[in-house]
Structure formats: structure tokens, C-alpha cells
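A.B. asks: Residue numbers (our numbering), protein chains in the order written: chain A, 1 to 295; chain B, 1 to 295; chain C, 1 to 295; chain D, 1 to 295.
In case anyone wonders, no lab produced these hints; they're calculated from the structure. Honestly, I wouldn't trust all of these hints.
Said to hold, decoys possible - Subject to a maximum C-alpha distance of 30 Å in a straight line, what follows is the list of computed BS3-like cross-link-like pairs (lysine-lysine):
{"#": "1", "chain 1": "A", "residue 1": "Lys109", "chain 2": "B", "residue 2": "Lys109"}
{"#": "2", "chain 1": "C", "residue 1": "Lys109", "chain 2": "D", "residue 2": "Lys31"}
{"#": "3", "chain 1": "D", "residue 1": "Lys109", "chain 2": "A", "residue 2": "Lys109"}
{"#": "4", "chain 1": "D", "residue 1": "Lys31", "chain 2": "B", "residue 2": "Lys109"}
{"#": "5", "chain 1": "A", "residue 1": "Lys109", "chain 2": "C", "residue 2": "Lys109"}
{"#": "6", "chain 1": "B", "residue 1": "Lys31", "chain 2": "C", "residue 2": "Lys31"}
None of these values were measured; they are calculated from a predicted model.
4 protein chains.
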Amino acid sequence: MALRGVIPPLVTPFRPDGGLDLPAFESNLEKLAAHDFAGFLVLGSNGEAAGLEAEEGLSLVAAARRRVPGRFLLVGTGMESTRGTIAFTRQAAGLGADAALVLTPHYYKSRMTPEALERHFAAVADASEIPVYLYSVPAFTGLPWPPGLAAALSGHPRIAGMKESSGDLGLLGRVIASVPPTFEVACGNAPVFYPALCIGAAGGVLAVANCAPRAALALYRAFAVGDHGRARLIHEALVPLASAVTTGHGIAGLKVAMDVAGLRGGSVRAPLPPAPESVRDELRPLLERAEAAAG
Amino acid sequence: MALRGVIPPLVTPFRPDGGLDLPAFESNLEKLAAHDFAGFLVLGSNGEAAGLEAEEGLSLVAAARRRVPGRFLLVGTGMESTRGTIAFTRQAAGLGADAALVLTPHYYKSRMTPEALERHFAAVADASEIPVYLYSVPAFTGLPWPPGLAAALSGHPRIAGMKESSGDLGLLGRVIASVPPTFEVACGNAPVFYPALCIGAAGGVLAVANCAPRAALALYRAFAVGDHGRARLIHEALVPLASAVTTGHGIAGLKVAMDVAGLRGGSVRAPLPPAPESVRDELRPLLERAEAAAG
Amino acid sequence: MALRGVIPPLVTPFRPDGGLDLPAFESNLEKLAAHDFAGFLVLGSNGEAAGLEAEEGLSLVAAARRRVPGRFLLVGTGMESTRGTIAFTRQAAGLGADAALVLTPHYYKSRMTPEALERHFAAVADASEIPVYLYSVPAFTGLPWPPGLAAALSGHPRIAGMKESSGDLGLLGRVIASVPPTFEVACGNAPVFYPALCIGAAGGVLAVANCAPRAALALYRAFAVGDHGRARLIHEALVPLASAVTTGHGIAGLKVAMDVAGLRGGSVRAPLPPAPESVRDELRPLLERAEAAAG
Amino acid sequence: MALRGVIPPLVTPFRPDGGLDLPAFESNLEKLAAHDFAGFLVLGSNGEAAGLEAEEGLSLVAAARRRVPGRFLLVGTGMESTRGTIAFTRQAAGLGADAALVLTPHYYKSRMTPEALERHFAAVADASEIPVYLYSVPAFTGLPWPPGLAAALSGHPRIAGMKESSGDLGLLGRVIASVPPTFEVACGNAPVFYPALCIGAAGGVLAVANCAPRAALALYRAFAVGDHGRARLIHEALVPLASAVTTGHGIAGLKVAMDVAGLRGGSVRAPLPPAPESVRDELRPLLERAEAAAG
């Protein structure tokens with residue numbers, strides 16, 4: 001039941017010169033570990049994995065494993081090639097990852113048919129020592145998720161679930177309806193997290209949990225105990241912040257929000273542009289509103 | 001509170017030769033009027049309004065008005081030009097429409113800026129004797145809804161709400177958060193109807209209500225009394241049917257489902273292709289499952 | 001050989017109050033008729049056909065027929081329904097149209113399969129007394145042209161050719177390669193008119209020909225006599241204007257350019273927004289450059 | 001004048017087990033070097049660069065440099081991060097690359113504004129010892145090219161040109177019109193290569209040149225000497241093959257065509273699916289037609 005609850009996709013702080021700031025990463029993780037998260041994701045999209053060198057990624061996995069020894073550690077290991085994904089998944093497992101989150105390969109979009117993707121995920125899972133979660137995020141990959149693919153893979157003994165980040169609840173519902181209840185589907189899109197729970201999502205992998213951990217967790221708990229009134233109130237307080245730190249200002253905005261919240265967001269790595277100065281003042285009241293709703 | 005509940009977007013039955021089958025339309029309306037719908041929509045997308053002659057449309061409005069004299073009658077009146085929309089809205093009002101549903105003009109997509117759309121809707125509402133509801137359905141128009149437009153128009157005394165049919169609950173949530181509570185936002189996409197209610201949609205304008213009226217209404221009532229467990233069960237039973245009669249088989253499929261359910265769907269008008277024969281057998285168990293869930 | 005050369009898609013001038021300005025339309029046509037155009041298109045996309053009432057359209061056809069009695073008159077007759085298109089095509093033929101330009105129906109996009117479109121065009125051509133030209137303009141319809149459709153229809157005795165306005169020369173080339181030489185393919189996108197001629201387009205239906213008739217015709221003539229050096233020079237002088245009056249400022253910009261050129265563009269019909277005042281000064285030097293290149 | 005002419009984007013042959021087949025790569029290069037190409041591209045999209053490990057890429061660059069010591073060697077060096085791109089560009093230069101082809105970063109699409117891309121390319125060029133060429137291929141990246149970006153960068157002393165692979169000749173024409181004549185724009189889309197030359201493209205980087213080198217070069221030469229009749233004939237013979245080995249069957253198809261042509265295409269790397277057996281028989285006559293046209 002690894003994805004039942006909330007998982008923050010950890011950001012990767014950089015120094016102003018673009019170098020990896022591992023101490024800031026560890027400091028954030030230490031603070032976030034005080035919360036009742038279901039686990040932690042390293043090397044996700046919000047972790048700027050696409051812009052990291054391979055060794056940097058491994059150092060983040062190792063650091064995370066050291067810092068949260070008893071917690072569920074999910075690691076993004078998807079590469080464009082099947083063999084590269086297998087190799088990196090093995091390395092992550094060797095460093096103590098509990099499970100791998102495998103992004104859809106997407107550069108050769110028109111060739112990534114449902115059959116090609118099925119072969120890819122199955123080959124990765126066949127070769128993996130740890131459970132594999134499927135990962136679709138069309139806003140970044142430009143590749144829509146084929147509706148039947150999760151069901152086709154859900155029988156594999158090492159494919160445990162999926163992170164669906166499109167925000168399309170019609171699709172999320174179809175996926176959930178097509179898989180056995182043991183196959184966990186997490187929502188990767190905070191503005192639709194509450195309604196996704198209502199239709200059967202197991203939990204959420206939510207960028208906003210990096211900067212508003214209490215609100216994200218309070219929303220999940222309210223839903224879990226059937227308090228829809230409270231869940232909707234927190235939802236309404238959380239969504240403006242969640243939108244601002246994703247579609248609004250992107251990872252740079254999320255990092256500013258973390259700074260405001262007392263964590264260490266740090267810089268983004270170029271070519272991601274830094275957030276303008278004014279974002280800090282825009283995010284502060286949104287953060288306050290979100291955390292106030294957590295009560 | 002016109003949109004609180006469920007409204008079926010009435011289909012327009014055609015004879016096999018493509019001619020309008022007004023008796024079938026009236027027969028359906030008479031049967032559907034036995035249900036506790038919040039109202040009825042004539043000349044929506046599911047009513048094949050795009051393929052009707054102007055006089056045919058007016059005859060449908062007049063017939064509907066006769067058949068459901070005391071019920072809320074919403075009429076689709078959007079045309080590509082502002083002046084054409086104004087003229088048709090006046091004609092519909094003259095025939096007894098209670099409100100107008102105004103589609104985004106969309107042929108000249110790149111020119112339909114938020115400002116151009118705002119001027120269009122405001123001009124139509126200025127000239128209208130009846131309340132106006134905004135209508136966005138990007139799957140047909142190819143035009144996304146500008147996030148701030150509903151808020152900009154929500155202060156107009158004759159703009160009463162919106163039908164949002166994209167199925168994007170992130171957008172729906174942003175619209176709801178941006179307008180006063182008196183501005184009603186209806187969901188036009190059955191697979192996300194239940195989660196849309198959870199985040200504040202007033203009701204639903206649902207194609208599937210034409211063929212499964214009891215299930216659509218039971219879902220709304222379960223939500224309205226706070227029975228989320230029952231709401232989700234009906235949602236799960238209704239969605240496969242709702243998907244089949246929209247994204248799956250389109251209006252032709254919806255009409256077959258109505259035939260199976262004892263109404264008179266009739267033919268679609270070319271170039272819409274007829275549903276294959278096999279659809280009837282595919283839809284029957286979906287219909288049964290949906291209506292069984294209504295209890 | 002109707003499409004060999006250049007055809008202007010005539011604009012529809014409106015008075016400032018949005019009413020049809022038929023005298024301005026006739027005045028423009030009289031002036032344009034002095035040029036060696038292959039014919040004239042009435043009720044195309046640039047003619048704002050989508051925003052016209054049916055009677056307005058017929059009055060434009062009748063006026064055009066009176067004004068250019070011996071010239072090739074092409075009329076846009078495509079509607080969303082097959083029966084509506086057939087009826088309007090007959091009306092246009094009755095008023096003296098030489099051929100019909102039939103737009104792809106597109107509102108129910110996901111149902112407009114190649115088969116549905118083939119049946120539509122074939123049914124229209126079967127019922128038509130005049131030759132039919134296929135018309136695809138995805139920027140407005142949101143519907144891509146199925147690559148094999150022109151070939152499938154090219155054997156019909158009354159389907160004479162196609163206007164392809166996507167600007168995708170890969171597609172244009174595939175269409176040309178798939179049809180017999182008697183099936184004429186016109187380019188509806190001025191920025192790629194010259195390269196389209198190089199790969200076998202018969203001619204062009206070009207918005208810019210309304211305001212820069214000499215340049216558009218000079219480009220075609222240079223190509224026709226094999227003077228590629230001159231053709232490219234005119235192309236380079238014409239494209240900035242052509243882009244400004246289509247993608248840049250739309251039909252409102254085209255109408256301003258016509259005013260500057262001594263014709264009567266008039267107003268656009270709402271919700272199309274008027275061009276800002278500054279456009280006049282922006283277009284004047286582009287017009288001068290284009291017409292100067294015509295020598 | 002590096003891009004004047006034709007450059008094959010070299011494929012990367014793999015063994016059936018997915019391992020790099022360097023001898024096959026060198027064998028192909030030796031054979032292609034007998035032709036009058038303007039140069040060779042290593043690590044482009046057709047070279048499956050997205051699925052290569054870093055060391056594999058470097059070994060291909062080194063091998064290419066050894067095999068074609070006096071020829072223009074262009075190397076794809078674009079990564080998602082600016083610092084990663086700079087580092088890899090330096091490594092390629094150190095191995096003897098004559099110039100770098102830098103793909104648009106694209107994972108964080110919505111953040112890749114014209115300004116962010118301009119800073120990225122400028123920073124890479126500032127740090128590079130070798131000339132830099134910009135590279136846009138929206139079919140893979142999902143990122144359209146901002147029209148003004150080439151002009152903004154064309155003044156940089158080490159930015160020498162661009163490879164534009166969208167196939168949108170309207171865009172290609174705008175780019176060419178916006179840059180000085182010394183800034184070379186190559187077409188990366190064989191079906192529009194001939195018309196791209198007609199409007200000012202310097203040359204082509206063409207996948208089909210791997211399997212039909214004589215035809216690709218003959219087309220360029222015919223254009224270069226002003227023989228448009230011959231150029232168009234070769235264009236018509238070449239396009240069916242070029243489409244088949246790109247949009248039709250992808251890189252797997254291109255590799256089969258190379259096998260048929262006597263080179264060593266080898267396997268693709270998973271998750272790219274292998275071409276079905278029937279492709280060989282489909283491609284053979286297309287190859288024969290293309291090479292026959294070369295005379």
C-alpha cells in the first residue's frame with residue numbers, strides 16, 4: 001500500500017552557479033521527514049531529473065536513503081532506452097530504492113505505440129529487483145497515455161501501480177476501472193487531487209507537498225475519514241498555491257515557495273528561468289491560506 | 001438555481017432519409033419529463049444543432065415548449081456571428097425558452113481572444129430578454145476556454161452561469177473559484193460528473209441522461225444528500241455507458257442506447273456515420289448495469 | 001483548367017454596424033476583374049462565410065455573377081450537414097456559380113473519419129450540377145486532411161480538384177502525387193505559394209490577391225514561364241504582406257490593406273475584432289514592397 | 001558554407017541484442033564518404049542519440065573523425081541542461097567535431113520561452129570552441145520554434161546556422177527572411193527539401209541520404225545548376241522513399257532500406273520497435289525508383 005497517502009516529489013536544490021546543492025537537499029528531506037508522508041520521490045520531473053548528470057542522480061538517491069532509512073523511497077529511473085532504464089533501475093535498487101517510477105519514453109513519439117510501451121515497461125519490470133510504478137506526464141512528454149496500457153501491465157508481479165499526472169480525471173477513472181484494486185493509481189496533479197481521491201485514486205504525488213506539507217496531508221486525511229466538507233475546504237485553499245507552483249511559475253516558483261516556507265529551494269538549473277522577484281510576495285499569502293486551512 | 005441537478009441535452013431524432021422526426025422528439029420528451037430533471041436542453045451539441053436548418057431548430061424549440069410547459073427550457077442559440085446569435089436568441093425567447101446556452105464562436109479560432117469572446121457574450125446578454133449561459137466544448141470547437149473569462153462576465157445581470165464540457169476538472173475548479181456562488185457552473189462531461197460535483201459544480205448537462213435518466217438522477221441525489229459511497233458506486237456503474245455513448249460511439253451510439261431503453265433515438269444526419277449493428281449488443285449490458293445501480 | 005493561376009477569395013465588406021455592404025463588394029469585384037485572375041471565390045473563409053446569414057450569401061453570389069459574367073465563379077457551399085450542403089450547392093448553381101468549393105464538415109471532429117468525409121463529398125458531388133472542389137483548412141476547422149482522401153474521390157466525374165490551405169507542403173506533395181494530372185490542387189496559403197507551384201500545385205487561392213493583385217499574378221506568371229529567379233524575388237516581397245494579412249492581423253488586417261490599396265475592405269463582423277489603427281501604417285510599406293516587385 | 005549541399009544524419013547500427021555496432025557504423029561511413037556530401041552528422045535524431053549512453057556517443061564521434069578526416073563533421077550535442085550541453089559540446093570538439101548541432105531543450109516545454117532558449121543557445125555558443133548550429137524538430141520535441149529566435153541569435157559570432165526539421169515552409173521562409181545571408185538554414189525534412197531550396201534553404205540534412213545518397217545529391221545538384229525540371233523529377237521519385245523511411249516506418253525502416261541498399265543499418269534499440277519483415281519488399285522498389293531518377 002505504498003502510494004496510499006501523499007508523497008512529495010523532492011526538488012533538487014542548485015547553487016546559484018548551477019552546481020548541485022546536496023546539503024540543501026538533505027536539509028529539506030530532514031524537515032519533510034517530520035511529516036506523515038507515505039514516502040518520498042527522488043528524481044521526478046519536479047526534481048529536474050531531466051537536467052541532471054547520472055552521477056548527480058545517484059548521489060541524490062544515496063543521500064535520500066541515508067536520511068530516511070525506514071521510509072518508502074521511490075526513485076525516478078526512466079530513460080529513453082529500455083537498456084538504459086534497466087541499468088539505472090538496478091543502480092537505484094543497489095542504493096536502497098524501494099521502488100522505481102518509470103517514465104514513458106517519448107522522444108520518438110510516433111513510435112511509442114501501446115505495444116512498444118508495453119514491451120518497454122515489461123522488460124524493465126522483468127529485470128528489476130524492486131517494484132515498478134508506471135509514470136505518465138503528457139505536459140512534459142507530449143505523449144498521451146494509451147487507455148488500456150495499465151490494465152495490460154497490471155498482471156505483472158513487479159508492476160505495482162501508476163502515477164498519472166495529466167489531470168484528466170476521465171482517463172484516471174478509466175485506468176482505475178481497468179485494473180485490480182491492488183494496482184495503486186496515484187494522482188500527480190494537485191488541483192485535481194481531491195476529486196481524484198473521490199473516484200478511487202490511492203493517493204497523490206504532489207509538488208505542492210514540498211512547500212505546504214501540512215495542507216496536503218490534511219486534505220488526504222479528511223478524505224480518508226470521510227469528511228468531505230473539510231476535504232473540499234482544504235482543496236479550495238490549496239489549489240491556488242498548487243497552481244501557482246506548477247502551471248503558474250513552475251519549479252522555480254515551487255522553490256521560492258519552499259524558501260518562504262523555511263526550506264531551501266535553491267536555484268533552478270538553466271535553461272529553466274529563475275522566478276521573478278515578485279513571485280515571493282505573490283506566493284506568501286497563498287502559502288498562508290493553504291497552511292491555515294490545515295488547521 | 002436552474003442548473004442544480006441534471007439536464008438532458010435532448011437528441012434530435014431523424015428519419016432514415018435524414019428528415020427531422022418531430023414526433024419522435026416529442027415522444028422522448030414526454031417520457032423524459034416523467035423524471036425529476038432540473039430542465040431540458042434543446043439544440044445542444046448532442047442535439048446535432050450544427051447540422052440543422054434554422055427553421056428545424058425553431059420547430060424543436062416550439063415543440064419542447066408545448067410538451068414541458070412548466071419546466072426549465074434551455075436552448076442552444078450560439079452562432080458564429082454576434083448578430084446572428086442575438087437574433088436567434090430573441091427568436092428562442094419568443095418561442096418560450098427560459099434561458100439561452102451560447103457556444104463560443106470558434107471558426108476564426110486565432111481571433112477568438114478572451115477580449116473578443118467577452119465582447120461577444122456581453123453583447124448577446126445585453127440584447128437578450130432571457131438569462132444567458134456560457135458554453136465551452138473544446139472537443140467540438142477546438143477552442144480552449146480562457147481561464148479568466150467566466151469571472152469577467154459573471155457580473156453581467158443576465159449571464160447566469162456556464163456549461164463546461166472539456167472534462168478538465170482543473171479548469172472547472174479554477175472557474176468555480178473565480179465566480180460568485182450565484183454563478184452556476186454545470187459539468188457537461190458525464191465521466192467526471194461526480195468528481196465535478198465534489199469540487200462545486202452545480203449540476204450536469206449529461207448526454208447519458210437521455211438513455212439512463214434514473215442513474216444520472218440517482219447519482220446527483222446521492223451526492224446532494226452527502227452519500228459519497230453510493231454516489232461513487234453509481235458513478236462507476238454509469239461511466240462505462242457514458243463513455244460508450246460519447247467518446248466511444250458518439251451521438252449515433254447515444255441514439256442506439258435510447259432505442260434499447262425504449263425511447264426513439266432515430267437516425268443521425270449525414271455526414272455523421274450510423275452506429276454499427278454490434279453497438280446495440282455492446283450497449284445493452286452497460287445500460288442494465290447503470291440503471292441497476294440506480295436501485 | 002479552372003484553378004491554373006490565381007483566384008482571390010473575395011472579402012465580404014460590412015458597414016460599421018455589421019450590415020452587409022453589397023455596393024462595396026461589387027465595387028471591389030469590378031476593380032479586381034480588371035486583372036487576369038483565373039476566377040473569383042465567393043463565400044470562402046476570407047469572405048467571412050461562417051458569419052453570414054443564408055440570404056446574405058445568396059445575394060453575394062448573385063451580385064458576383066452579375067459583375068463578372070464571363071469569368072470562372074467558385075462558390076463556397078460547405079455546411080455541417082450533407083443535405084444542407086447539397087441544398088446550398090444547388091442554390092449556388094441556380095444563381096450561376098461555375099463550381100462549388102466544399103469545406104470539410106468539422107464540428108463533430110472525431111466522427112469525421114476518412115470514410116465519413118468520402119461519403120459526404122461523394123453525395124454532394126452526386127447531387128451537384130456543377131463541378132465540386134474539396135476544401136481543407138485545418139487552421140479554422142481543426143480537422144487534418146486524411147492523406148488518401150483526395151485520391152479516393154479523384155475518380156468522381158464531378159470532383160475536379162482541391163484547395164489545400166494547411167501550408168503543409170509535405171501533405172500537398174502527397175496529395176498531388178496521389179491524383180491524376182487532371183485533378184487540380186490549389187494552394188490556399190500565400191507564404192508557401194511559390195514552393196507549392198514548384199512541386200506541382202496548379203495555382204493559388206490567395207487572400208493577399210485581394211490587396212496586391214499585381215504581385216500575386218506576377219509571381220504566378222514568372223513561375224509559369226520558368227523564371228525562378230524572378231519568382232523567388234516576388235515571393236520574398238509578397239510573403240511579409242501575405243503573412244500580415246492572414247496570420248498577423250487576420251481578415252480585419254486584409255480589409256485595412258484593401259482600403260490602403262484603394263479598394264473597399266470595410267468592417268469585419270463581430271465577434272471578429274477590428275484591426276488596431278496602427279495596422280494601416282504597418283501594412284502600407286508591405287503593400288508598396290509587394291507591388292513594386294511586380295515591376 | 002558548411003551546410004550548402006546534403007548531409008546524411010548517420011544512423012547508429014545496433015546488434016540484435018541492443019549493443020552498439022561500431023564496425024557497422026564505420027563501414028557505412030566509409031561507403032557514404034565516397035559521395036560528394038557536404039559533411040556528416042553524428043548523434044542526430046536519426047542516430048538514436050536519445051537512447052545512447054554518453055560514452056557510446058563519444059565513441060561514435062571519435063570513430064567518425066577517424067574515418068572522414070578531411071570532411072565536415074557535425075555532432076549533435078544538445079542536452080536538457082545548459083551546463084550539460086556545454087560540457088558535451090566541449091568533449092565533441094576535443095574529439096575533432098567541426099561544429100555542434102544543438103537541439104532545443106524541451107522537457108519543461110512551458111518554460112522554454114523564446115528568452116530561455118535564447119539564453120541557452122547563447123551560453124552554449126559563448127562556451128564553445130566550435131561553431132554552433134541551432135536545431136528544431138517539433139515532431140520529437142513537441143516544442144514549436146519561436147519565429148524570431150534565429151534572428152536574435154544570428155549575430156552571435158559562433159552561431160552559424162540552423163537545421164529546421166518541422167517541414168513547415170512558411171516558418172522556414174520566415175526564418176530565412178529574418179537572418180543575414182551568411183546564416184545557413186538547412187532543411188531537415190526530405191519531402192520538402194526541393195521546395196525549401198527554392199525559397200532559400202542552404203541545403204538539407206536528410207535521413208534518406210543514408211540509403212539513397214545518389215538521388216539526394218542529384219536533386220541538390222539539379223537545383224544548384226538551375227535545372228528545375230530535373231530537380232522536380234528527382235523530388236517526385238525521392239519523396240515516396242523519404243516518407244517511407246521517416247513518417248512511414250521510422251528509423252527501423254531507414255535501417256532496412258540501408259540493408260537493401262548494401263549498407264549495414266542493423267537493429268534499432270528498444271523501445272523502438274523493429275520494422276516488420278514486409279517492409280523490405282515495400283522499400284525495394286522505392287529505392288530503385290529513387291536511385292534510377294539520379295540517372
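A.B. asks: Take the C-alpha atoms of Lys31 (chain B) and Lys31 (chain C), compute the straight-line distance between them, and say whether it is at most 30 Å.
C.D. replies: Violated, at about 61 Å.
A.B. asks: Below or equal to 30 Å on CA atoms is what counts here, so check Lys109 (chain D) against Lys109 (chain A).
C.D. replies: holds (15 Å)
A.B. asks: Starting from Lys109 (chain C), check that the Cα of Lys31 (chain D) is at most 30 Å away, please.
C.D. replies: Answer violated: Lys109 (chain C) to Lys31 (chain D) is near 49 Å, above 30 Å.
A.B. asks: Assess, step by step, whether the Cα of Lys109 (chain A) is no farther than 30 Å from the Cα of Lys109 (chain B), and give holds or violated.
C.D. replies: holds (27 Å)
A.B. asks: Between Lys109 (chain A) and Lys109 (chain C), does the CA-CA distance stay at or below 30 Å?
C.D. replies: Given pair Lys109 (chain A), Lys109 (chain C) holds - Cα atoms ~23 Å apart, limit 30 Å.
A.B. asks: Could you grab the alpha-carbon distance between Lys31 (chain D) and Lys109 (chain B) and see if it respects the 30 Å cut-off?
C.D. replies: violated (51 Å)
Taken one by one, the earlier hints fail for this structure at numbers 2, 4, 6, listed in ascending order.
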